[in-house]
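From first to last, the protein sequence lines are chains W and Z. Here this note's numbering is used: the first residue of the first sequence is 1371, the next is one more, and so on. Here this note's numbering is used: the first residue of the second sequence is 1371, the next is one more, and so on.
Over 12 Å on every C-beta distance to chain Z, these chain W residues come out as not near it, computed from the model:
1) 1528
2) 1538
3) 1586
4) 1685
Examples of chain Z residues toward chain W, derived with CB under 10 Å:
5) 1427
6) 1429
7) 1438
8) 1439
9) 1442
10) 1450
11) 1454
12) 1465
13) 1471
14) 1650
Since the hints were made in silico from the structure, they are not lab data. For every residue, glycine included, the Cβ atom is placed at its ideal position computed from N, Cα and C.
There are 2 protein chains.
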Amino acid sequence: MTANGDGRRTTLRQVAQAAGVSTATVTRTLQNSPRVDPDTRQRVTAAIKQLGYTPNPMARSLRVGGREGAVGLVTGGFTNLFQAGVAAGAERELRRSGLNLIIGTTDGDPSREPELARAMTDRRVSALMMMPDGDERGFLSAEHTFGTPVILIGRPALGLDADVVLTQDDESVRTATTQLLELGHRRIAALAGRTDTFPARQRLAGHRTALADHGVADDPDLVVTDLVGTGRASAAVAGLMHLPSPPTAVIALNLGISDGVLLDRISHHRGYAFIAFDESELYTGLGVSAVVRDPQEIGRQAALLALARHQDPEGPGRTVTVSSRLVRRGTGENPLS
Amino acid sequence: MTANGDGRRTTLRQVAQAAGVSTATVTRTLQNSPRVDPDTRQRVTAAIKQLGYTPNPMARSLRVGGREGAVGLVTGGFTNLFQAGVAAGAERELRRSGLNLIIGTTDGDPSREPELARAMTDRRVSALMMMPDGDERGFLSAEHTFGTPVILIGRPALGLDADVVLTQDDESVRTATTQLLELGHRRIAALAGRTDTFPARQRLAGHRTALADHGVADDPDLVVTDLVGTGRASAAVAGLMHLPSPPTAVIALNLGISDGVLLDRISHHRGYAFIAFDESELYTGLGVSAVVRDPQEIGRQAALLALARHQDPEGPGRTVTVSSRLVRRGTGENPLS
DNA sequence: CATCTAGATGTAATCGATGACATGAGCCAG
DNA sequence: CTGGCTCATGTCATCGATTACATCTAGATG
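Take the sequences, apply the hints, and build the full model.
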């Protein structure tokens, strides 16, 4: 592990010189080609170690024309543990294959998605994982990404030929609402976030399907959407509880809202049945039932799809489904009293 | 915005051909060199637009020898919003300057720090931001990083000549404990995480300083360390409350522990004074007082230091301090009854 | 009118690694 | 003794962009 003076590193050429061979031989050694004499290999290896040489990945990718040893991930932000978990899960899997993860956030502004995607493809990432808030997909088409494989996470392809990692949020929410219905609840409030995003619509659909399955009318008063922020969700619940005929159960359709409902429940000592969405440190301890996704696994699956594209860059888009499930811890199992 | 057939992109040479000039002229146009005729510039610009050309950053960095347009961030993981917030804050600031953020996680294993750092420097990141769990710094020395600037986040340089973003956790915790003391509390429990990390030690030191300032003996029974996980923290508090002489106030020294204490407080309806550490969605609504850091700002400052190194790669290490503060919301303001 | 100068543009080497192709040594069969 | 073959290794063009240096043109100067 020897460094040389300034910031300049050992190059393959220097290794070749030190070992008294040509650069081609060093490359061959590096690639474990059989066409190299054991003695020579020995000398080269020694020189590499002695000079602390590591190849320049940029020069390599330039030459082989392939893509860089990195994968991009574009999200709306890292404001919740779900997004962070996806990133962590993806990064872990990519690292096993020696790839790096480059992240970009739109800060919740979908109009920035194209430029971020472009910045990633310009960097020649070998795949682009996207959790877009917007429904626009045009800028992800093969012509615009120059063939960079795209993996959509938790979002539908909407006509784009891309790999997709989906969670069956609609199914899980349906299970959750169904459970509440079977416990006798008829007035079930559903609180959702921005309905201009796919997940919100998907989850609401699951809720409505369950209601329809049981022939329960969908009371518009009990569906509150576009709730952004814990405080607003909390206030919305409080409002619902003052209805002439308040809900006896509440289902939250994202993490921030779940926290808001929980807040209302704790601070007003209310006992309505409650099913949250996603995980938070406190939910286990507080016995909060929740529809739970595994963000790390979702990230991992996205990474695996990205890696698979190394083998088969051209094949048709694959869809992987990661299950989400209802975790029963108490608050969602209160029968209607 | 025209794409050409396969994944192969427009190169500078093709632009030159289309515009009927040499590659050098295209480069000059791209760099706004004054040494290019307005007419020519016009033709080149048109060709660039028509072919949808964007430069290959890899080829560029290879030639200019400089570093890549990306900065690395190595953390223990993205298991809490603090780490995610730092990443988000850094990414946002870097993006303003057209730089990307590459992340790497050790999954809490400090022995992986060197290899991750190495992977980043091999990629020629223009700076390396580290939130190491370990105290080892040797692998970050200039000889090992080939002059890649290093920015430590929330960790001391320990002799390394690097930029540092520090938070005055010790001061803030001291303020918190002092407040409890001034409210009359004398039996104040402090719960900390892994003491083999700097932040835990720093925060404990703040707590002890406050006790010493007020001539209060430091009862070893009231300091519980190496608590990992919310459940363990919760159990630890429960244990403390069964002491012959239980604490009347509790101060938590990291986010996971804060959640654990909060859990105990809510589920056992206990009224001890409580000061948490860091933020969680619920703390505001539940009136939980806390020592709060601004992770986004910390990440932003780290990014700014990284960017500053572009100008002055050689200067001595700078230290930036981001203040943390006690946010009073109620649970930390209960006087001793 | 010859020459100089400044400005515009072209030529070609270069960054570090790779790989198609060329070379050279050693061996065997005829 | 020589053609033919194999294995180890070297040579050099290449990836895309940059830049030092060379070249050329047109207008200015004596």
